[in-house]
Amino acid sequence: MEPHVLSNLITAALAILLAAALLRARRDPLWRGAGRELARRRPIAVSVVALYVLIAGLDSIAWVDGHAPGAKAESGTLQGQARSVIDRLFPADFQERSYSAPLATHELYGEEPLLHPGKHLLGTNMIGQDVLHLTLKGARVALVIGGLTSAIVIPLALLVGVSAGWVGGRLDDAVFFVMSTLASMPTLLLLIALIMALGTGTTQVCLALGITGWVGLARLVRAETFKIRELDYVQAARVLGTSELRIVWRHVVPNLMHLVLITFALLFSGLVLSEVMLSWLGIGIDGSWGRMIDQARSELSREPVIWWNLLASSTALFILILAVNQVADAVRDVLDPRTALEAL
Amino acid sequence: MSEARARARELVLEVRDLSTSFPIDGARRRVVDRVSLEVAAGETLALVGESGCGKSVTALSAMRLVPKPGLVESGTIRIGGKDVRTLPVTEMRRVRGNDVSMIFQEPMTSLNPVQTCGAQVVEGIRLHHRVSNAEARRQAGALFSQVGIPDAEARLDAYPHQLSGGMRQRVMIAMALASRPRLLIADEPTTALDVTIQAQILELLRSLQRDLGMAILLITHDVGIVNELADRVAVMYAGRIAEEGPRRDVLGAPRHPYTQGLLRSLPGRAAPGERLEEIPGVVPPPSQWPSGCRFSNRCPIAFEPCDSIEPERTAVSAVHGVWCHAVARDLGASEP
Numbered sequence: 001m002e003p004h005v006l007s008n009l010i011t012a013a014l015a016i017l018l019a020a021a022l023l024r025a026r027r028d029p030l031w032r033g034a035g036r037e038l039a040r041r042r043p044i045a046v047s048v049v050a051l052y053v054l055i056a057g058l059d060s061i062a063w064v065d066g067h068a069p070g071a072k073a074e075s076g077t078l079q080g081q082a083r084s085v086i087d088r089l090f091p092a093d094f095q096e097r098s099y100s101a102p103l104a105t106h107e108l109y110g111e112e113p114l115l116h117p118g119k120h121l122l123g124t125n126m127i128g129q130d131v132l133h134l135t136l137k138g139a140r141v142a143l144v145i146g147g148l149t150s151a152i153v154i155p156l157a158l159l160v161g162v163s164a165g166w167v168g169g170r171l172d173d174a175v176f177f178v179m180s181t182l183a184s185m186p187t188l189l190l191l192i193a194l195i196m197a198l199g200t201g202t203t204q205v206c207l208a209l210g211i212t213g214w215v216g217l218a219r220l221v222r223a224e225t226f227k228i229r230e231l232d233y234v235q236a237a238r239v240l241g242t243s244e245l246r247i248v249w250r251h252v253v254p255n256l257m258h259l260v261l262i263t264f265a266l267l268f269s270g271l272v273l274s275e276v277m278l279s280w281l282g283i284g285i286d287g288s289w290g291r292m293i294d295q296a297r298s299e300l301s302r303e304p305v306i307w308w309n310l311l312a313s314s315t316a317l318f319i320l321i322l323a324v325n326q327v328a329d330a331v332r333d334v335l336d337p338r339t340a341l342e343a344l
Numbered sequence: 001m002s003e004a005r006a007r008a009r010e011l012v013l014e015v016r017d018l019s020t021s022f023p024i025d026g027a028r029r030r031v032v033d034r035v036s037l038e039v040a041a042g043e044t045l046a047l048v049g050e051s052g053c054g055k056s057v058t059a060l061s062a063m064r065l066v067p068k069p070g071l072v073e074s075g076t077i078r079i080g081g082k083d084v085r086t087l088p089v090t091e092m093r094r095v096r097g098n099d100v101s102m103i104f105q106e107p108m109t110s111l112n113p114v115q116t117c118g119a120q121v122v123e124g125i126r127l128h129h130r131v132s133n134a135e136a137r138r139q140a141g142a143l144f145s146q147v148g149i150p151d152a153e154a155r156l157d158a159y160p161h162q163l164s165g166g167m168r169q170r171v172m173i174a175m176a177l178a179s180r181p182r183l184l185i186a187d188e189p190t191t192a193l194d195v196t197i198q199a200q201i202l203e204l205l206r207s208l209q210r211d212l213g214m215a216i217l218l219i220t221h222d223v224g225i226v227n228e229l230a231d232r233v234a235v236m237y238a239g240r241i242a243e244e245g246p247r248r249d250v251l252g253a254p255r256h257p258y259t260q261g262l263l264r265s266l267p268g269r270a271a272p273g274e275r276l277e278e279i280p281g282v283v284p285p286p287s288q289w290p291s292g293c294r295f296s297n298r299c300p301i302a303f304e305p306c307d308s309i310e311p312e313r314t315a316v317s318a319v320h321g322v323w324c325h326a327v328a329r330d331l332g333a334s335e336p
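Going line by line, the protein sequences match chains A and B. Using our numbering, you'd call the opening residue of the first sequence number 1 and step up by one each time. Using our numbering, you'd call the opening residue of the second sequence number 1 and step up by one each time.
Hints are computed from structural coordinates only; laboratory data are not their basis. Note that the structure is a prediction, hence the values are computed from the model and not measured. Ideal Cβ positions, reconstructed from N, Cα and C, are used throughout, including at glycine. A few of these clues could be false.
As the list claims (entries may be wrong) - Below, a sample of chain B positions facing chain A; criterion: calculated Cβ distance under 8 angstroms:
hint, residue
1, PRO88
2, GLU91
3, SER101
4, THR109
5, GLN115
6, ARG126
7, HIS128
8, TYR159
9, MET175
Stated by the list, open to error - Quick list of simulated restraints, FRET-style, between CB atoms:
hint, chain 1, residue 1, chain 2, residue 2, range
10, B, ARG206, A, GLU244, 19 to 27 angstroms
11, B, ILE24, A, ALA21, 30 to 38 angstroms
12, A, VAL5, B, HIS129, 44 to 52 angstroms
13, A, SER243, B, ILE24, 25 to 33 angstroms
14, B, ASP151, A, GLY201, 57 to 65 angstroms
15, B, ASP194, A, SER180, 20 to 28 angstroms
16, A, SER180, B, GLU50, 42 to 50 angstroms
What the hints assert, rightly or not - Anything over 10 angstroms on all C-beta distances counts as not near chain B; from chain A, calculated:
hint, residue
17, PRO29
18, ALA101
19, THR203
20, LEU240
21, SER301
22, ILE319
Next comes chain B alone, as it looks inside the complex (with noise of 0.2 angstroms):
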């Protein structure tokens, strides 16, 4: 214990240079290239981007769940210091709901229609667990009372369409948490939902992980639930890592030109009547993408090298990592 506790940062879940192709046009194309992250025990991890800049596809990543044919080209991916990517199906089947977790974006879908919520969690209960039937639901109406459910008993015999929206984001986060997961994540947990219960689920979330000392990867484009729940945030574009860090650094003190935009852009910043500032362009698609930056043709300050050589690790601080020529420039100016 006192040797863990020795350990300044657990990680939970580590990925080292993660590169997932899809094939795109008739090439393979990495959607996902040379990703790295960390989470640490008890920590939240943000990651932040538009859609269809891979963030889905890291998380289905490293759960070894990346859909054909997609393919994980290259890198580790270690949850629990388990090497995912070379664990045998059993195993890795161990690893899937008992050290790792997911919750998704649509509670509409992901509970099964045809059996009761209480039905779903019990299974996943008796998955990683040699319990009877009858302690598996005693189980499964605790987990309904943890996760805010109200009458927890009578809507263990509820069906999904019975349950609003909140409620059933509700029963996805008891089915995940079935097992004590060390680590949950959560793909756009709230985008489905309405203000109000997105706030509720936010001060759910948040409050499970106090209780059990969880982890979380949280897959969002909202920086507002950003600010709300993540400890680090990593800001990817068109398939890389942008910026990292912690995120009072990283939203505070962005220096990523696409972080800058990003932010800038967010209507709470802007005064009544103002037009919001934008990022100029759209993101181009996977076959599009610019073989320097990625954000290079978007970018307002590119120079020379953007378009060309793509960016290494610029360390900021010890904590906080920008993937950026002009950053890099920039600070090496500064101390030479």
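Bound conformation, chain A alone (with noise of 0.2 angstroms):
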């Protein structure tokens, strides 16, 4: 299968599952309630949130012109390659032979004039690309990195955590040897040689970021396991005839969601600044902010200097991670049983 056609799907197939979880959401009075406290504390927060989401969501979406209309004869590449929403909002030529600061009309060195000139509002980097155009894009990365991640942490942590504090005893002495000789090895480290060994690539770098974040929430739930496991609902199940599996899934697990949810928002932001720390080892993902402001970075010591690349990709980090943050300092507030009965 074609990759866009892939990424169409799996856009499709999360934007179903997205209306789903919110209708769904509507009708409980919880989650409702939850969700109109999390809008009223937050709501530029959040609002920021869901603009990068759609802009990584229409980024997703992405088919393949039958003549190519814009493609002129030298840009010949761009013939046949299937073009997202995002890269459908600039002209299908619009890079630039080098260097062109933002709204330039003449490129920075050799004074050339621009093919596209007044247009670039953020300028172009070394290969002549769009900036506004390469961080719009790098925003899919961003939430790709995160949310791949977190698929990878949350049911692992979940699987590990709950079997070691529901079964206990060698199970548990077994599971908690992993996670201290995980958490005793130094995570860069360990990274790096999960990135060699795997190689370099979205799904491997996610892989590897997974194995070495699971630890943390393994552990909370593994502790909020051991408490439920006593509490006298899940006796009460019990007494009702309910069998240990079923008691599980119906009673420890639901009873974790707000610890998964609040992890899962303080988790998502580290992980995009992982993936910059993998970029800047030279071991990130193509196309990420990382990687922007990897190469950014020396074009500082140009003169003069070529400022709005390391700006753009930033800034965009910037906003994203504070955005997150935000909503998950909201999340927790709202969620957390200890706080979540003042709030409905």
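Using the hints, put the two chains back together into the complex; each one sits in its own frame.
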């Protein structure tokens, strides 16, 4: 299957899931209250996160033009290539030969006139790509890093943490040994080693981040499971003849969801930032803001200084992280059982 | 039907010489020691005793739910004729909820906080009966009305934190009743509720028992509740039964010095301004239980064999038994 078709399918599936989740949450007074409270406390941060999600979503929907009408003969590489909705906001041949400043009419070096004078809002990079375009496309990469890694971390941490906490004994000892071992290794070294072993690429980097990132949540889940399994409602379910597996699924896991959601929100920004760090070490993901920052780093020493590249990518990153952290804080305030009762 | 009626007492719960132990201070101690109980269909047996005397462990043993590292060491337990100790796990699961159900002391924590009350009752119904979700929900609504929850249909969608303690206890009772069990074990069902709600819940239990013909094993330390609800009473002290018999006999003419002391210490019996009588000393921890009669070190009438030989059951009447050397001696003396 063509990569862009797969991407379209995944985006559609995620959109449907998101819509279904929102619809269900709307019908449930508990979630509806939490959602309303979240929007009331952090309206700007929530909108910013939604905007990023929207941009990433639009960038994930791509198709190939039959005739590629915008493509000119010399940029033949664009012919037959899938272009996303975000790509289509820009002309197909929106590329210069080299650096140009924001809204410049001529190249930075050589003073050659640009193909699109005054159109590059945030200038172009070394190979003449539009920086605004690249920055917008970076949102998808950032969300994929956070999302895919969380999709690895959360099920893994739930499985390991719940089984250790529920079964206890030898299994718990074994799990705790693995967790302590992982936690005692320097994360960065482990990450580099894993990426060396797995190879570079989006999936591989997310897998490596996942393997190094599940321990914290698993610990929380394990401790909470220990607590929940002694609670009366678990005993009450047993008294009614509920099987152990069903008790875990119906009574333990749902009572861990606030932990999962809070951790997800807090984990997410950390993961995006981790990728920046990995990019700086040269093992990041293509097209990420980390890559852009890494490339822009050396350009700061040029004369005249090339600042727009670095500014655009790091501002986009900064705003996303700030918004996600604010939303995460608000999510914790709203969902944490100690404060949830006051909110409702 | 006539055959079942012909048997004078059809037993829904029969416990014989049950011993359950826990490791305490490095040794296994029997916190329930050779306890025997019977609950007949439709009757209420109150298991009375102080905290830590083994009442709850007895009930959990009967449902085969003693938490680890506790262990049922010996004895037989029959629920509706089925031998609980040898039943396969899946069979036992069917017995729980179906033949016997249980309600707990803390209605605040015995409901899952993230599920609606209705969903929890529906789950209980569908565990034991193959019915559709809609039908189970209808039954849950009927159960809610039956346990006296006003506006039952709307309350199905309420979360536990939206209900008061009394309402939650009613939801618990509805859950326990979902499969019409023949026996309901009520472990301190009203302890966490305030007095007016206590009375309502007791009244509810009484009317449900009348309507459904359900037997109740009532675990309590509150003699007032025993008076309200019980047909028969078993008094437990330090893991053993001290006295057992019809309520009228045990509360009206107690023979065991512990029962006598317990009843004398009730505030209701003292005149205003009078000092309440107390049983001297405190209940010793299981590791310091006397080797003879467990009550011997606090007993006002203990004599020579009490602290070395465990008393056996002495029949005061056909239905009233006392585990006390002094009672045995007095009865032996009066009828040579």
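request  = State the violated hints by number, sorted upward, taking the hints as numbered earlier in the document.
outcome  = Checked against the structure, the hints that fail are numbers 1, 2, 6, 10, 11, 15, 17, 20, while the rest are satisfied.
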